[in-house]
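The task is simple: from the sequences and hints, build the whole structure.
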Amino acid sequence: MITAKSATRRQNKAQRIERVGKLARGKFVSPDKVPEILRRIIEPGDILCLEGDNQKQADFLANQLATLEKKDLRDIHLVMSCITLPAHIELFKKGMIKQVDFCYAGPQGGAVADLVKAKKFPVGAIHTYNELYARYYIDLTPRVALIAAPKADRKGNLFLAANTEETPAIVEPTAFSDGIVFAQVNEIVDKLPRIDIPADQVDLVVEAPYPMHLQALFTRDPAAITDVQVLMAMVALRGIYEKYEVQSLNHGVGFNTAAIELLLPTYGERLGLKGKICKYWMVNPLPTLIPAIESGWVESVFAVGGEVGMERYTAARSDVFFTGRDGSFHSNRAMGQLAGHYAIDMFIGASLQIDINGNSSTVSKNRITGFGGAPNMGCQPTGRRHPTKAWLKAGAEANPGPGSPPGRKLVVQMVETFQAGRVPTFVEELDASDPSIRKALHGVTPVMIYGDDVTHIVTEEGIANLAACRSVAERQAAIRAVAGYTPVGLKRKKRETEDLRARGIVQLPEDVGVRPSEASRSLLATQDIKGLVRWSNGLYDPPSQFVDW
Amino acid sequence: MEKFTKAFPSKPLPTKTAKPWALAGVVGSGNLEVLLESGGRPKDAMECHVETSIPGYKASWLAALADFAHHYPAGGTKVTINDQGAPPVLVTLRLRQAYDHLTKGDK
Amino acid sequence: MKKPTPKKTSARAVLARLFGASAKAIAIEKSVLTGYASVGGGKVCVIGTSNGTYIDNEAALRLAAHVIDCIEKNPKTPIVMLVDSAGQEPNRVAEMLGLASYFGHLLSCLELARRKGHKLITVATGQAVGGAFLCYGMFADRIYALDSATVGLMPISAMSAVTKIPAAVLQKLSKTMPSLEFGAAPFALLGGVEAVWSAKDDVQAKLEQAIATATSEDNRAELGKKRGGRKLALDIRKKVLAESAR
Amino acid sequence: MSGVLFHEQTARQRIAALADAGSFVELLAPPERITSPYLAQLGIPVSFDDGIVIGHAKIGGKKVYLAAQVGQFVGGAVGEIHGAKLTGLFKAAARDRVPCILLVESGGVRLHEGSAGEIAIAETMRAIFECRALKVPTIAVIATDIGAYGGIGILSTCCDHRIMTEHGRLGISGPIVIEKWMGKKAYNSADRALVWKTSGGKTKYLLGDADALVHDAPEAVRDALTKLIGKSKPVNLGSVKARQKELQNRLKRFGATDDPNVVWKGMGVRNIEAASLASGPEFAALAKRGK
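Protein chains in written order, with my numbering: chain A, 14 to 562; chain B, 175 to 281; chain C, -2 to 243; chain D, 19 to 309.
Quick caveat, the hints were computed from the structure, so don't treat them as lab data.
Ideal placement from N, C-alpha and C gives every residue a C-beta, glycine not left out.
Just so you know, not all the hints are guaranteed correct.
Simulated DEER-style distance windows between Cβ atoms [stated by the list, open to error]:
no.	chain 1	residue 1	chain 2	residue 2	range
1	A	Arg514	B	Thr179	26 to 34 Å
2	A	Ser535	B	Ser203	43 to 51 Å
3	A	Gly288	B	Thr179	52 to 60 Å
4	A	Gln558	D	Asp241	48 to 56 Å
5	D	Thr275	B	Ser203	33 to 41 Å
6	A	Ala433	D	Asp241	37 to 45 Å
7	D	Arg271	A	Glu49	53 to 61 Å
8	D	Lys202	A	Thr21	39 to 47 Å
9	A	Glu441	B	Ser203	27 to 35 Å
10	B	Lys232	A	Gly288	45 to 53 Å
11	B	Lys232	A	Arg398	49 to 57 Å
12	A	Lys35	D	Thr275	52 to 60 Å
13	C	Ala164	D	Lys202	22 to 30 Å
What follows is the structure in structure tokens.
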């Protein structure tokens, strides 16, 4: 039975919509009215969600929001995946925000660090994607969500095209709790290719004067892959992919893993691994995966987001990529993260810093970035029950006790021992454990991937199998053994290293059958972007900054 | 620029090498060249001369060179390095390439 | 960016100084000089630039055409090349059309003239820098410079701006390394210029003598070593010749 | 599509890949340690070959002199030693009547050494024409994005033949210099497609400034060399008059446009997009140069 009390939220929403009044024609509003409408639909104390991850941004709405002043908007509890735009920073500078809960602040990492120092960044917590989406259903349910879509029809149905990403994860909790969903769209059309969000869940729509921002995030130019990265890729292929028969996997964004993708049709083929490894992928449509797909390695690819320039290719290869009935690519960030958590044999990615216990982070005092999605995949899902070959093999190596699961996900960190500019990757203590950062984060050190979750570290020196280590001291020795000539590596003891090598816990390239002198870019399926276009039969349209023809 | 010279104990180079010298790498940003020469020196050590544009990494250099001298029979050789900020991994890689050229010839 | 420095002496005055009354027959069109004149009673062909102009594709073609004309109509007539040019103007269309090839063509024409017995004498009269000097002036049998000419790769200030090496450092080094200095005198120390003619000199007589004594072998490395401005070049070249003869 | 790319090889690797196995003999080899006193004084790392590897070798059994510039070392720029090695090599080629090949990778004069490099380039030009007068073939291979610029751009055009790849660039002023001079609107140096269409191997081939356009592979360069090392192009009245006409005509046809695609179309390219993606001989087939 409906009582007045149980309908409070609904009534409140109705009041807000009423305040919009004649500023809208039905659901549709003109761009110049947006700041005033935002002022009328957002109330002090609201949980406000801004859509924007590391690729797609509701940038028009964010920019309009940033034109308001504290007198218009205050005490906002901001929830959002990625603090990416200058407009986001503006909201903090103007003092509108009473709390923020977010995942990642890549390009604005420096600005966020400055806000923290100025005590203008009241952070609740830094999350992983699915952790934050989950809280949208529990204690961080948005009252107002500002979202982005490429197209709307005249009823307010939305088409999300390749970059569905996190839109459903924001709209559902908002729409089903009497919140307001306000969408910016690139264009309003009579008929949509397909309906991704029904009009029923959308309250306001504006045709933005410029298309939403899309970042080409996963485009790695093969020309920038080095011989050293090829060496590491060969070592990883032999020492991990081949050894564990990794069938389902996620690759991080980086040149190391791009090198692996480009070695599959050449080196991988020579090793006879086709059909044995790398069949099921949870990755965005990586351009560097094109040669492997064209060579018949890949059964399926599910993605958390799209990639600029891959639209025609993914549509043409709907046998591999998830596509809608209209034939175009479909992504879903929340479901992709879930798949990466439970359903893959291996996560492999890079990091800026790894400490002596195997913890990694990208945060420092002058750059507060955060997590994004990597930790959802780079962790042990203890809720997993289904076995695979790789999972069982890795589990057996970890010597499970009577109270632990029989399997393990492979969580691999693949790093060069030095970053650009001779900055060592391996450190005794993470920059992220700086007291000022811990204080701002309520005592939590922002660790990307915990050492306990990591099974292997691959460097140009070799592989350290952390899962096979039997003590903290042993794990530290294994990390030192592959830390090269960093200060951490220089502390290794020859005898310890030789002992670990004898037991297979540390493996040098030659121990997994790789001759370093063989490692050469010439092994890559293609060495430049143009080659990727050729592999795609002209279906890949790289962003202009990558085109030199 | 920082310069240093040091000899590291190493097992003698195989008596027959393919050529008297070998050069690997190029001097360029983040890269280095290694000139490896054989002949006319004590057989039990690898003599190293390093000139680097980035000072302050002597410990890493010495460790990398010592490891190489330990792993490869390079006694009696002279190593001369012109460096423009290469990471240690390239030091090892170029040494190995120069060594292969010296002992097995180009190819 | 800096535009070309304004002319110091008018082109006509320079021509008159070099060729006397016979200079009148030399045409100046868009600062490109072509024509014939006389030196010590002998006919010479004149090509060149003035007013520190830029040499573009068209200018290179006009100079080349005149050299071809001279070869065809005036066999063995000495060719005097005057240089006062700031170089090639950085221009995308010129590059697209292959400016380097236009310059290469001009050099080929001059080479043909040399092979056919024309003596080639250069006088740097104003700016003689960069590509403009390389594309014809430096290709002569013998190269001279008026002491008012600015000869060389580029001034130290410009060198410093591109290399990011402080000008003071380059300035100091140029005391022992004349190659870094800018001007006719240091350029002569390198052997790049046979002799520098001063304001007091009778340049017509000098030019006459230059033509009379010129031979076609390239003596610059020898000069550079003898004068101490370029100590290495000759020996290294000799070493290459010696090692390759083994 | 995969394999060893010529433009990614080092100077020494290129020579090893082009020469008959084991035939290369280096002159003024690294153990002689002939390094630049200028760079040393400026605190800049020196190199044992001063950025150019020279020597003689055999290609298909035929003796050649070979020089390879090291683009990574100070942009392959020409200093006193580098330049003197180059001059000496062409003089040796003239003396011995042996073809001379220059693998170009240079931005021109090495500014750190001032006018010495400029004079060396002028001296080398004289030596190249000495070869040509003796019908000793001279060949420039321009196949990397560092390419042939400044004085070395001009010098390359003095050789009998130029072999290019789509990666190679030939010019005098580079895009960054031109952008500074003309403004970003006239030339955006970050627009890589425009940069390559302005100075890249394909456009140079279409216009006739490159004699061969080959795949970015050492074998392809070697094949082209094999075809050209026996051939010299005379410098005579007929040849310079024909060239004069050709260059005049080029200026008349294309001097008024700033759009490289107009040049491409004018030189017989029908499908610009397909030609942009094509490489070496496939491009040449699509282009029907000059038709």
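Tested hints:
no., hint, in the structure
1, A:Arg514 x B:Thr179: 26 to 34 Å, "holds, 32 Å"
2, A:Ser535 x B:Ser203: 43 to 51 Å, "violated, 22 Å"
3, A:Gly288 x B:Thr179: 52 to 60 Å, "holds, 54 Å"
4, A:Gln558 x D:Asp241: 48 to 56 Å, "violated, 34 Å"
5, D:Thr275 x B:Ser203: 33 to 41 Å, "holds, 38 Å"
6, A:Ala433 x D:Asp241: 37 to 45 Å, "holds, 39 Å"
7, D:Arg271 x A:Glu49: 53 to 61 Å, "holds, 59 Å"
8, D:Lys202 x A:Thr21: 39 to 47 Å, "violated, 57 Å"
9, A:Glu441 x B:Ser203: 27 to 35 Å, "holds, 29 Å"
10, B:Lys232 x A:Gly288: 45 to 53 Å, "holds, 50 Å"
11, B:Lys232 x A:Arg398: 49 to 57 Å, "holds, 54 Å"
12, A:Lys35 x D:Thr275: 52 to 60 Å, "holds, 54 Å"
13, C:Ala164 x D:Lys202: 22 to 30 Å, "holds, 28 Å"
In this structure, the hints that do not hold are numbers 2, 4 and 8, in rising order.
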